[in-house]
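J.: When you get a sec, could you build the whole thing from the sequences and use the hints?
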Amino acid sequence: MKFRILDILFFSFIFILMGCRYPIAKQEDLESDSLFLEVTGSSATECNAEGIRLSKTIQLDQAEQVWDKCIQTNPNEVVVHLNRLRFYFLLDEYELLKQKIAKETPSRSSVTYTNILKELEVRLRNDERVVLLDALSRVKGWELYSYEELANYYLQTGNFAYAEGYFNQILEVVPFHENALYGMADIQIQKGNWYSLLDYAKSLEVATKKNKEFHFYFVKANYELGRYEEALKWAESATASEKTQISFLEVWRDTLLVLKDFPRWDGLLPYYRKAVEKGFGIPESTFFPTFSKEGKDVRKASRSGRS
Numbered sequence: 001m002k003f004r005i006l007d008i009l010f011f012s013f014i015f016i017l018m019g020c021r022y023p024i025a026k027q028e029d030l031e032s033d034s035l036f037l038e039v040t041g042s043s044a045t046e047c048n049a050e051g052i053r054l055s056k057t058i059q060l061d062q063a064e065q066v067w068d069k070c071i072q073t074n075p076n077e078v079v080v081h082l083n084r085l086r087f088y089f090l091l092d093e094y095e096l097l098k099q100k101i102a103k104e105t106p107s108r109s110s111v112t113y114t115n116i117l118k119e120l121e122v123r124l125r126n127d128e129r130v131v132l133l134d135a136l137s138r139v140k141g142w143e144l145y146s147y148e149e150l151a152n153y154y155l156q157t158g159n160f161a162y163a164e165g166y167f168n169q170i171l172e173v174v175p176f177h178e179n180a181l182y183g184m185a186d187i188q189i190q191k192g193n194w195y196s197l198l199d200y201a202k203s204l205e206v207a208t209k210k211n212k213e214f215h216f217y218f219v220k221a222n223y224e225l226g227r228y229e230e231a232l233k234w235a236e237s238a239t240a241s242e243k244t245q246i247s248f249l250e251v252w253r254d255t256l257l258v259l260k261d262f263p264r265w266d267g268l269l270p271y272y273r274k275a276v277e278k279g280f281g282i283p284e285s286t287f288f289p290t291f292s293k294e295g296k297d298v299r300k301a302s303r304s305g306r307s
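Residue numbers (the UniProt record's numbering): 1 to 307.
If you're looking for bench data, these hints aren't it; they were derived computationally from the structure. Some hints here could point you the wrong way.
Stated by the list, open to error - Ranges between beta-carbon positions, derived for each pair:
id: 1; residue 1: Asp266; residue 2: Gly165; range: 43 to 51 Å
id: 2; residue 1: Asp68; residue 2: Lys140; range: 18 to 26 Å
id: 3; residue 1: Asp29; residue 2: Glu178; range: 22 to 30 Å
id: 4; residue 1: Gln65; residue 2: Gly165; range: 33 to 41 Å
id: 5; residue 1: Lys210; residue 2: Asn76; range: 50 to 58 Å
id: 6; residue 1: Gly192; residue 2: Leu124; range: 31 to 39 Å
id: 7; residue 1: Asp29; residue 2: Ser196; range: 41 to 49 Å
id: 8; residue 1: Asn152; residue 2: Ser196; range: 18 to 26 Å
id: 9; residue 1: Asp33; residue 2: Ser247; range: 38 to 46 Å
All C-beta atoms, glycine included, are put in the ideal place defined by N, C-alpha and C.
T.: Put into C-alpha cells, the structure is as follows:
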C-alpha cells in the first residue's frame with residue numbers, strides 16, 4: 001500500500017511539472033501544425049499568441065478557455081476565429097465547435113464570418129470550411145447558404161450522395177431553387193437516372209428566370225431514353241450560348257447520327273467552330289464522323305446501338 005501511494009504521488013508530481021501535458025491522439029498534429037496564424041498590431045495579439053502556445057503544448061483546457069475569451073473580447077478578429085477553428089479541427093472536436101458557433105449565433109450579414117469563409121477558401125482549407133458551414137447551417141439565416149455551399153462542394157468532389165442530400169434540403173424549403181435544380185440535374189446524369197433528369201429539366205423550364213440553359217438536360221434525357229426526335233427538337237431550340245458547349249454538341253451530334261444515314265452538320269458547324277475558338281481541340285474530321293472514311297465505322301456503331 002505504501003508503494004502504491006508513493007507511485008501516485010510521483011506521477012502526480014510529474015503531471016504538475018509538465019503543466020498537465022498529457023498524451024492525446026492528435027498531440028503530434030497540434031505540436032507540428034503550421035497553419036495557426038499570428039496577429040500583429042491588434043488587441044488580440046497577446047491572447048492569440050497565448051492560445052497558439054497552449055494549443056501547441058497540449059494544454060487543452062487552458063487553450064480552450066483562452067480561445068473563447070479571445071473571441072469574446074475580439075469578436076471581429078478573423079484570425080482568432082480561424083485559429084479556434086483550427087484548434088478544434090485538429091482535435092476532431094467538431095460537435096463542440098458547432099455548439100459554440102450555434103450559441104454565438106452570428107448574423108447572416110456578418111462581415112466577419114463572410115471573411116472567415118473567404119479566407120478558408122483562399123487558403124484551400126476546404127475540410128475546415130466544410131466543418132464551419134455545417135456549424136452555420138444550424139444558425140438561423142445561414143441555412144440555405146450553408147446547404148448550397150456544402151452541396152456544391154460535394155458535387156465538385158464527386159460525393160454525389162452528400163451533394164444530393166444537401167440539394168434536397170434546399171428544395172424542401174424552396175421547391176424551385178434554380179441552383180439546387182441544376183445541381184440535382186447534373187447528379188442524375190452521373191447516376192444515369194434519365195426519367196429523374198427529365199423531371200428536373202421540366203422544373204428548370206418553369207423555375208429559370210434569366211439562365212435559360214436547361215435544354216441540354218432535355219436533349220440528354222430524351223436521347224438516352226431513345227426519344228430521338230424529341231431530343232432533336234430540344235437541341236434545335238437551345239440558346240446560342242448553350243449550343244457552343246461541348247457536352248451539348250456531342251449529344252446533338254449523336255442524336256443526328258442515330259436519326260439519319262447521312263446527317264447534315266450545317267446546324268452544328270458554326271457552334272462547333274465557336275467552341276474551337278474557345279480552345280476545343282478535336283479536329284472536325286474526328287468530331288464529325290462522316291467527314292472522314294475512318295469515321296464511318298463510328299457512325300455505324302452508333303446507329304447499330306441506337307436503331
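J.: With reference to the structure, classify each hint as holding or not holding.
T.: Against the structure, the hints:
In this structure the hint that Asp266 and Gly165 lie 43 to 51 Å apart at CB holds, the actual value being about 45 Å. Distance hint check for Asp68 and Lys140: the Cβ-Cβ separation is about 22 Å, which falls inside the suggested range of 18 to 26 Å. About 41 Å separates the C-beta atoms of Asp29 and Glu178, a value inconsistent with the hinted range of 22 to 30 Å. Between Gln65 and Gly165 the C-beta distance comes to about 36 Å, which sits within the given range of 33 to 41 Å.
For the pair Lys210 and Asn76, the supplied restraint of 50 to 58 Å is violated, since their beta-carbon distance comes to about 35 Å. A beta carbon spacing of about 32 Å between Gly192 and Leu124 agrees with the range 31 to 39 Å that was offered as a hint. Distance hint for Asp29 and Ser196: a CB-CB separation of about 42 Å, consistent with the stated range 41 to 49 Å. A hinted range of 18 to 26 Å holds for the C-beta pair Asn152 and Ser196, which are about 20 Å apart.
A hinted range of 38 to 46 Å for the beta carbons of Asp33 and Ser247 is consistent with their spacing of about 42 Å.
Taken one by one, the earlier hints fail for this structure at numbers 3 and 5, listed in ascending order.
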